[in-house]
Amino acid sequence: MTKIIVPIGPQHPLLKEPVSFQLTVEGEHVTESAMRLGYVHRGIERLCQERTYVQNIHLLERICGICSHVHTTTFCQGVEALLGVKLPSRALYLRALLCELERIHSHLLWLGVLALNIGFDTIFMYAWHDREVVLDIMEDLSGGRVSHAVNIVGGVRFDLTDDRRVTLLRQLNGLEEQVRILLGVVEHEQTLQARTRNVGRLSLEQIRRYCVVGPVARASGLDVDLRRDMPRPPYDGLTFQVPVRQEGDVWARTLVRMLETVESVHLCRQMLDLLPPGPVSTRVSRRVPAGEVVSRTEAPRGEVVYYIRSDGSDKPARVKVRTPTLTNLITLPSQLENVNMADVSVVLSGVDLCIACADR
Amino acid sequence: MNRLLRQLHLFEEIFSAFQAAFPDDPLTVQAMPIDETFVTLAPEHIHEACEILVERFDFYHLSTITGLDTGAAVELFYHFWNAYGITLRTALPYTALRIATLTDFIPGAAFYERELYTMLGVVFEGHVNLQPLLQPDDWDGSHPLRKT
Amino acid sequence: MGFSLRSIVYLLPQVWRVLRAGPLTVQFPFAPPELQEGYRGQVVVDAARCRGCSLCVRDCPAFALELEREGREEYRLIYHPDRCAYCGQCELSCQFGAIRLSNTFTRATADRDTLTRVLVDRRPSPPPLDE
Ligand code: SF4
Ligand code: SF4
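Protein chains in written order, with our numbering: chain A, 90 to 449; chain B, 729 to 876; chain C, 10 to 140.
Please keep in mind that the hints were generated in silico from the structure rather than gathered at the bench.
Careful, some of the hints might be misleading.
Computed list of lysine to aspartate or glutamate pairs in EDC-like fashion (alpha-carbon distance at most 16 Å, straight line) [said to hold, decoys possible]: (1) A:92 / A:121; (2) A:92 / A:117; (3) A:404 / A:134; (4) A:404 / A:139; (5) B:875 / B:803; (6) B:875 / A:134; (7) B:875 / A:139; (8) A:404 / C:68; (9) B:875 / B:797.
Not everything, but these chain B residues come out facing chain A in the computed CB check (under 7 Å) [stated by the list, open to error]: (10) 762; (11) 785; (12) 813; (13) 861; (14) 872.
Glycine included, every Cβ here is placed at the ideal spot set by N, Cα and C.
Turn these sequences into a full structure, and let the hints guide you.
What follows is the structure, given as structure tokens:
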């Protein structure tokens, strides 16, 4: 059979971000695939070395347009460890609250993208409609829909009044109802299952060898979640489930993400109930003592790792960012092998691509 | 507290395994904040040490490889994770910027090594596809993160 | 068959909910946008409070603020909205409460230079502002 090479990207209607794939197609099946990254490489790691810690928070927030808060959280967590400051627990709770809201927002956005790619526009609209609730909450709390700019070294910049806490709890109840309906759709809807079951399957062995993280790993049976396995306050005082599935296909990833969304709503509620009183930030010095630190957190897409080295000045000597998408991208060639050309978009959305994260 | 004890115990075992494998390497261990331990090794021992970590102690997850130009040498950090973090660090002199690849038993290391190859000019021996990862097609061969 | 019927019935309450909610579109730019109280928009300065300490300039991550100093008390604080990231760091850094982000929103323009604004002018005899 003749082989055709189908180029997808760097500019392509299927993709929201520039990345390029070369798919070798025989008949309807993909036999080989090559990927090219780097079209949105902004050199953020290098830029970090030329800016102060204060400025870097805002720079690192712009690595990702979806999970921006978790990047600043990881960075601040590392710098605070270098400084040796202990945060007021209210600050930690508010930080984690925004992290969980961001997880809900990211997963709902992703569900919409998947639904759009399989041609299920109704769910795309509903998921994004419900996501708007979370975005409104986040905008109200922080002043920005996506770039929240709430983290500072030493705490957070916003606070919750008691009235706001009560209304927030009510908003979360409505949100949970909606998320449960979407979860029901993922579990029972036939068209969605027909398009996503047995597509892009990864075995547990592959997951471990490729060092895959996040929901993709959990959908293949790897029971890992940094919030639980490396408990840092406030997560050590909260109860939550880590959903794990064994199937390893796109459907399992969808289900894991939706179950996680429900768990995140629970976590938000718990944090609002347990929110300790007190200040939301402490004063810290602008100069960070010399040292190095590795900081890890669980982002919506998996583990984020920062390595920060300080030389004692107010600028870091090195900031290394490892985003979860970069690790997960490496599995794409084995996932794309032998899939139908029509399922390529399903596989691509299944890993939750965020090219801006991967390129930095 | 329990977790801390388990961590101490585990790292003692790992350290003695390293000592047995590399008797002539002056290993140093450093406890870092946020549940991390740094172990310094000579570059020629990195590959075997990683193998010990992955196969004997089940540190299957290589988080990333960090490269860093200190101005005197290029330092590499291999961040592993399995409930605790462990980082193997080594320093390569400018005259010999080469080290054995990990992709033969951790295929997930491929992207990190490609990135370091362009950013710092470290050659990973045995890597099957050591191509630029983020650089444009007309990359001139310079290394953005190098100090010199 | 029962399976597929169920998957349709599932969404009926949703259809009802969406129909009842009515359109959610905002009429911007033909009507003012509804922005939250704390929304980070245009940077504004209370010129009377500004002391020209340039703390905001030092911390601005996008280099959107500029302080042109001509003497101890003579300076101009210039703001380039085309560079601004609306992060609010200047508000946090200012020790005198002079600079802040208001929740107003401006429309786009085709010419970058028309955006630049002089926020504080403390030169001995300021020429008339024609910007
Ligand atoms: S909002 Fe941020 S980017 Fe804009 S002027 Fe203030 S500090 Fe600079
Ligand atoms: S606005 Fe505030 S920080 Fe900026 S120069 Fe004036 S007083 Fe200083």
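>> Please check whether residue 813 of chain B passes as an interface residue: C-beta within 7 Å of a C-beta belonging to chain A.
In response: At about 6 Å, which falls below the 7 Å cut-off, the nearest Cβ of chain A leaves the hint on residue 813 of chain B intact, so it holds.
>> Against the 16 Å threshold, does the CA-CA distance of residue 404 of chain A and residue 134 of chain A hold or violate the hint?
In response: Measuring from Cα to Cα gives roughly 12 Å; hence the hint holds.
> Hey, does the residue 762 of chain B contact hint survive, CB to chain A under 7 Å?
Replying inline: This hint holds: residue 762 of chain B lies near chain A, its Cβ roughly 5 Å from the closest one there, short of 7 Å.
> Taking the closest Cβ pair, is residue 872 of chain B under 7 Å from chain A?
Replying inline: holds (6 Å)
> Between residue 92 of chain A and residue 117 of chain A, is the straight-line Cα distance small enough, at 16 Å or below?
Replying inline: holds (10 Å)
>> residue 875 of chain B and residue 797 of chain B were given as a pair; does the straight-line alpha-carbon distance stay at or below 16 Å?
In response: holds (6 Å)
>> Between the alpha carbons of residue 875 of chain B and residue 134 of chain A, is the straight-line distance 16 Å or under?
In response: holds (14 Å)
>> Check the hint pairing residue 404 of chain A with residue 139 of chain A against an upper bound of 16 Å on the C-alpha distance.
In response: holds (7 Å)
>> Just to be careful: measuring from the Cβ of residue 861 of chain B to every Cβ in chain A, is the smallest value less than 7 Å?
In response: Where the cut-off is 7 Å and the nearest Cβ of chain A is about 6 Å from residue 861 of chain B, the hint holds.
> Taking 16 Å as the top limit, are the C-alpha atoms of residue 92 of chain A and residue 121 of chain A close enough?
Replying inline: holds (10 Å)
> Holds or violated: residue 875 of chain B with residue 139 of chain A, Cα cutoff 16 Å?
Replying inline: holds (13 Å)
> Within 16 Å, alpha carbon to alpha carbon, are residue 875 of chain B and residue 803 of chain B?
Replying inline: Cα-Cα ~12 Å, so holds.
Checked against the numbered hints above, the structure breaks only hint 11 and satisfies the rest.
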